[in-house]
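J.: Protein chains in written order, with this note's numbering: chain A, -9 to 46; chain B, 82 to 285; chain C, 42 to 286; chain D, 109 to 335.
Since the hints were derived computationally from the structure, they do not count as laboratory data.
Each residue gets a CB set at the ideal place from its N, CA and C atoms; glycine is no exception.
The hints are all genuine.
Cut-off 20 Å, straight-line C-alpha distance, at most; resulting in silico cross-link-like pairs (EDC-like, lysine to aspartate or glutamate): (1) C/LYS274 with A/GLU42; (2) B/LYS210 with B/GLU174; (3) B/LYS210 with D/ASP191; (4) C/LYS274 with A/ASP43; (5) B/LYS186 with B/GLU174.
Chain D is faced by these chain C residues, among others (derived, beta-carbon under 7 Å): (6) GLY182; (7) ARG195; (8) ARG198; (9) ASN210; (10) ILE213.
Chain by chain, the residues:
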Amino acid sequence: MNWGEFFAMNGYAWYIWGSYGMALLIFIIEIVMVRHRKMLTLQQLHLMRNAEDDMT
Amino acid sequence: MLEISNLACSRGDHLLFSDLNFSLSAGDLLQVQGANGSGKTSLLRTLCGFMMPATGEIRWCGQNIRELGDAFYAEMVYLGHLNAIKDELNALENLRISAGLAGCKVDDKQVIAALRRMGLRGRETLPVKVLSQGQRRRVALTRLLLSNAPLWILDEPLTALDVGAVGLMQELIGEHLLNNGMVIYTTHQPLEVAGVATRWLALS
Amino acid sequence: MAINWFKYSSPSTFYGVAGKMVPWFAWSATILFVAGLYISFFVAPTDVQQSEAYRIMFIHVPASILSMFIYLVMAGYAALGLIFNTRLSSMMASALAPTGALLAFLSLWTGALWGKPMWGAWWVWDARLTSELILLFLYLGFIALHASIDDPRRADRASALLAIIGSVNVPIIYFSVQWWNTLHQGASVKFTGTSMHVAMQQGMYTMMLAVWSYAIAVSLLRVRCIILERECKAQWVSELAEVRQ
Amino acid sequence: MNKLSLLGLLSLVIRRDLVLAMRRRADVLTTLIFFVIVVSLFPLGVGPEMDMLRKMAPGVVWVAALLASMLSLGRMFSADYLDGTLEQMMLVPQSLSALVLAKILAHWMVSGLPLVIMAPVLGLQFDMPAQALWVLIAALLLGTPILSMIGAVGAALTLGLRGGGALVSLLVLPLCIPVLVFGAGAVEAIVSGTSVGSHLSLLGALLVMALVFTPWVTALALRISME
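So that you can see chain A by itself, here it is in the shape it has in the complex (with noise of 0.2 Å):
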């Protein structure tokens, strides 16, 4: 079996794919998203700690 076969998938690629594509966009957008919160709360909480120092 060859790998231009194995793509085509019996006539089935765009279906398989893009299952499976969908799938790989959702946990990547999905990490991304945890990633970037986690940065904005961590920005966040640094913002605070700085206006504490600020006050004492």
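With chain A held as given, fit chains B, C and D onto it using these hints.
T.: Using the frame of chain A, we list chains B, C and D on its own:
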């Protein structure tokens, strides 16, 4: 009668106050003081059971109010920031309903007499929406006259009231205390009741 | 063996524990995905009836099952938070919701892509697909309600109640839709009528475990964010290494 | 102290809500007119073929009733919440669930019952046979209270929130699907000549279930929202 021990309250994830202890017995007048946001309203709402205390207990006649439930509600009147009166109804209808909900059977004569005492003669059957702010507050305060519950919990009872009405309130509270009532309230205006020592509770 | 569960139910302890657990689940998810995809595409034989199209099953079935399972877990955590007033369980519930919603969406998407070559239509109103759609709506309702309440404690408690109502309703909805479907003589296509090949089963189980580990890893990451957001005023947060630097 | 009996409380709250609704008649009428307009728009959208309309009628009437009942949910608790009456209601020395049940009943009389009465007239627009109209009325009579009850939970959960109207639909509509399925199914069954008994009895079962659980859940939701 009313005992508060180790009470702590939080709003959201933010702690308002903690380790609050006081008790109130018949004839006591307690004024809750504190800056804006110190938790005065939250304290009163916790006493009413709207909010769950973060820690601590509130007891009425030795029993936790959570266990007492309805039996406690039958013995208290709460007057919040909001008047709890309907614009579409007139003063008489409003009071008839709120007294009914509180479990007191009143007849119209009693309600009208109470309204007149609060200085609302001739306004008994006007829709509340034509009354002024101060008059609406008076309608709300009339609820106190129609109830025979011993515990009054009043959140800023004097807002929008004129000098005459403030005097009237002092008189009412004095009478209530003489009848072995209890009053706990918050205010930004001075409230002097003749012959009764006001106790203070400061929230920081 | 007495484990002090309450120790782990405090956000400050759990923050550290979750941080240690994430790499494990992330790596096992990666390895399981590689293994699962290898089995699904190179070991599992071509199906007699569905040809290659059935290979969508390896992602569709895990996504569907987990989206339903996560809803139940979420409702369970929410209920714990509502009953025992434990803040960590409410945080877990809100951390699980987006993952569950995305998996529900993935299940619908892959279902449509599988349905088109098999049934000739992108969407069929069969009981399972319809319930999955409603499950997605329930997730969205949970997330929307939580997001629109400012007071975090009220948000936790209100959405917990909604999650519990939803989990009670899902079976009722499922059976009513199924009943409706049989009345209307709709498309009653069986997914896998014949017995599955062993390699297919192995592929599906491996993929299921992979998605499962992924879901755990990503929701632990998210719950760590939520803990930081909600506990931002606490002493232990300001002493964390990642905050201090 | 003379305590108010449970029935006394129920009738007091119902009477109060009905009086208030009568003084704000416009709100009640808006819901009803919305229902009429939505149903009347469907033939304009899909064309006037009588066969198709007859087939669509039950679903259209039910979906429109569902939407109309969503529209009126905002009124169930929010006015009382805004003027502080709800606080006082929670201090009533009686079960809050009973009070909530009274409010739901009053709400149904004002917003559900008019839809039931109006539905047969709209059914005529779709050329529904007389028998089907009777089943439609019966199904709506059983189903619209369930919509009010499920809606009450949503209204209580979204009390005082910005964008509450759209949010409450998002929360409540998915939960109403069984009612829609059995309600519309009953009318379709009579049209296609099968038995309507099972549909109506399932609706009845749902009604009983809702009657048992929703007042309690709504009371819980109100307590959460008032905190």
